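Protein chains in written order, with the UniProt record's numbering: chain A, 1 to 363; chain B, 1 to 383.
Just to be clear, a hint being listed does not mean it is correct.
Facing chain A, from chain B, some residues (calculated, C-beta under 7 Å) [claimed, not checked]:
#, residue
1, 255
2, 259
3, 262
4, 329
5, 330
6, 331
7, 334
8, 335
9, 337
10, 370
11, 373
From chain B, some residues computed to sit far from chain A (all C-beta separations above 12 Å) [what the hints assert, rightly or not]:
#, residue
12, 51
13, 195
14, 256
15, 278
16, 283
17, 300
18, 301
19, 305
20, 333
21, 353
22, 369
Simulated from the structure, these hints should not be mistaken for lab results. The structure displayed is predicted, hence computed values, not measured ones. Ideal placement from N, C-alpha and C gives every residue a C-beta, glycine not left out.
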Amino acid sequence: MSGALWDITALAVDAAVADTAMAARARTALPQAQETALAPGDPLPTAPAGGRVLHIKAHKGRFLRPCPATRHYRCCGYQIIHIGENCPMDCSYCILRAYFRDKTLTAFANTGAMFAELAETFGRDISRPFRVGTGQFADSLALEPITGHTRELLGFLADYDNVTLELKSKTADLTWMAANPRPDRVLPAWSLNAPAIVAGQERDTAALETRLAAARTCAAAGFRVCLHFDPICFFAGWEREYAAIIDMIFDYLSPADIAYMSLGSFRCLPELPGRLTAEGRELPDYMLGEFAVGADGKKRLLRPLRVRQFRFMVAHLAGHGFSRGLYFCMESDEVWRAVFGHTPRELGGLAAYLLDCARNPGG
Amino acid sequence: MQPLFLHPRDVDIAAPHLFWAAPPDAVLVESLATLGQITPALVVETGGRPILAAGSRRAAALRQIRGSALCALAVSLDGPADNDGYAGYGGHAGHAGHTGHTGQAGHTGHTGQGGQEGHTGHAGHDGQGGPAPAVSPALRLGLYYLASNQGRAVTDAMAVAAGRYFAAHASLDDFLRLAGPYLFAADDRRARLVAQWLGLPPELDALLASGHVPLGSGGQLAALDADTRAALTPLLAAVRWSRGSLTGALTWITEAARLAGEPAAALLARCGVLELPHRGLSPNDLTAGLLAGLRRLRYPALTTLEARFSALSRELSRGSRVKLRPSQGFEADAVTFEVTVKSPAELVKAGAALAAMAASPVLPQLLTIAHDDPDGPVGEAPA
Chain A
1 MSGALWDITA LAVDAAVADT AMAARARTAL PQAQETALAP GDPLPTAPAG GRVLHIKAHK
61 GRFLRPCPAT RHYRCCGYQI IHIGENCPMD CSYCILRAYF RDKTLTAFAN TGAMFAELAE
121 TFGRDISRPF RVGTGQFADS LALEPITGHT RELLGFLADY DNVTLELKSK TADLTWMAAN
181 PRPDRVLPAW SLNAPAIVAG QERDTAALET RLAAARTCAA AGFRVCLHFD PICFFAGWER
241 EYAAIIDMIF DYLSPADIAY MSLGSFRCLP ELPGRLTAEG RELPDYMLGE FAVGADGKKR
301 LLRPLRVRQF RFMVAHLAGH GFSRGLYFCM ESDEVWRAVF GHTPRELGGL AAYLLDCARN
361 PGG
Chain B
1 MQPLFLHPRD VDIAAPHLFW AAPPDAVLVE SLATLGQITP ALVVETGGRP ILAAGSRRAA
61 ALRQIRGSAL CALAVSLDGP ADNDGYAGYG GHAGHAGHTG HTGQAGHTGH TGQGGQEGHT
121 GHAGHDGQGG PAPAVSPALR LGLYYLASNQ GRAVTDAMAV AAGRYFAAHA SLDDFLRLAG
181 PYLFAADDRR ARLVAQWLGL PPELDALLAS GHVPLGSGGQ LAALDADTRA ALTPLLAAVR
241 WSRGSLTGAL TWITEAARLA GEPAAALLAR CGVLELPHRG LSPNDLTAGL LAGLRRLRYP
301 ALTTLEARFS ALSRELSRGS RVKLRPSQGF EADAVTFEVT VKSPAELVKA GAALAAMAAS
361 PVLPQLLTIA HDDPDGPVGE APA
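Using the sequences plus the hints, can you model the full thing?
See the structure below:
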């Protein structure tokens, strides 16, 4: 590690966005980084001192896109505002490991184009509510101290009462609060996991206590938060570990502080374990579970074992008085029925249900 | 060069550098008895008892023929130094001490008298100048032996036997550099596999020689701890493993042990597979049984579901030609029914069978087979 923020030792800025506010903020935040101005077609520089490159560039495709879900399982209808790609944290289970093959971080600085596209969509019918987020191809807040992306976005969204923005992170960054957004239109969200998984399988993430303390700060400021248990891992002692983190949640938050919470069992592209071992990392125990290849081509824990995980989590959360807003990320109707006794259809559709949870605290 | 004529009992035919030595067969004895020795052996003169460098089978055969002498040529252990270019892997192998021995081609494997085929590939010593370490006498003896056997098909077990000898006197790299050209073609990946195998205890070489364990599994076996290997040895010796099967078996047992947090030997002792070799099963059934047992150990929940499905589907489809398959990975509460018909009458019959299945109380069990937790009640810790 170079000692630089997120080990970013090189800042590569495309000529097209060199004069943007984001590029200027990045230069200020990374005074030691070696800056390279990139003309079209130029290769990315190699980061000095074994660090990583932050590439500030323009995004040419659509900014608002649906979650890359498979039709074989129930998706929550999350819509992604595409602010950048890749994550400076390093979690053994992360799907981004399969999506992106190097450490380069990318932030899209052409926010003018992004806001124009979003304005057209969100402004077309302001009675139509949207639930959107930025934490799919990147951590929502990891680069916020450098790019100020979320603060810009929140400034734009101040004019769109119909949009609820979820900010999903494993950091404890709260600098976005400086944008002073409406507390009922922003859902700060944290990914949580068993303490043993956080300790052994996550690198450079904030401690669980730090994440939950940040969540408590948000709750105190009037925000409701979202929590995500994804992936829930299956390993010796998993119940004790997940019980511990669930108990810890309610040391910091009350059930009413939580808008919704997702549960997702570990699943991965079949090549992920090989990718890990190719990096010289030992395969974690949780990747040695009994997996079957699901209809989406991903390896998933055998269904009865997933149901066992989910029943345990749901029961333990219910013991703390939390049940409304609990849902599965990418699960089948069979699993919904086995654990909850109903399917998303009976909730009026998962996307609609979560919109309701997001916008109506009382339910 | 004048040949020497030695009494065949005056040479040691079981010296370690004669690592491929084997008893003579009747054809060789008969050939020597009727035609005489047409290819000389090689010896190193020591001033005392000569050291047999090549020709152990001929010497052993001649011991059986009363009054016969072993004809041998003397070679020296004082050869050229070991320049980097000497015997470079994939290149030539120079044999200064063998320059007079070419022309003895015609050896026909084990039944022939000759021990050496022509060294046509040896272009001579390609020294690169400067002092270089001498090849030790032990290594030179091994190289003479290999050179005298050049042209002979080298099995995996033979390569390992050679490797054991050289590894006792040199590093693995030196073994591959010096002996490799005699053992492997330039692009033969067996060189790497033999090097991996040499990490195993020599006791396992017999399983390679007998064809029970393939050379390619050496690396995986070498990665096991000694206790696990010892526990597995009866299973290794029980069947002739293909590399794929053995890879699966070893992966399952090591992963199951890791997940269980207990030694593989303890798991093996508990799961019953160690009893299978004593049940008089056919080789195919024994292999299948061992693999199934080890897979059950690694995937207890999945194999339990499979077994339940198999039992219920047999019960449901009994008497019909309908085949049943579960959903992929038991992900859905669904079963695929498959039937092949060759005539309308067969379709009618299949339709009746399917109708009967639809009314069977077994079908709901089959459709909900993944509802039960195969490992026990909710909340139980995994293995």
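What hints, given by number in increasing order, does this structure fail?
Numbers 3, 7, 8, 9, 14, 17, 18, 19, 20, 22 - these are the hints that the structure violates, sorted from lowest upward.
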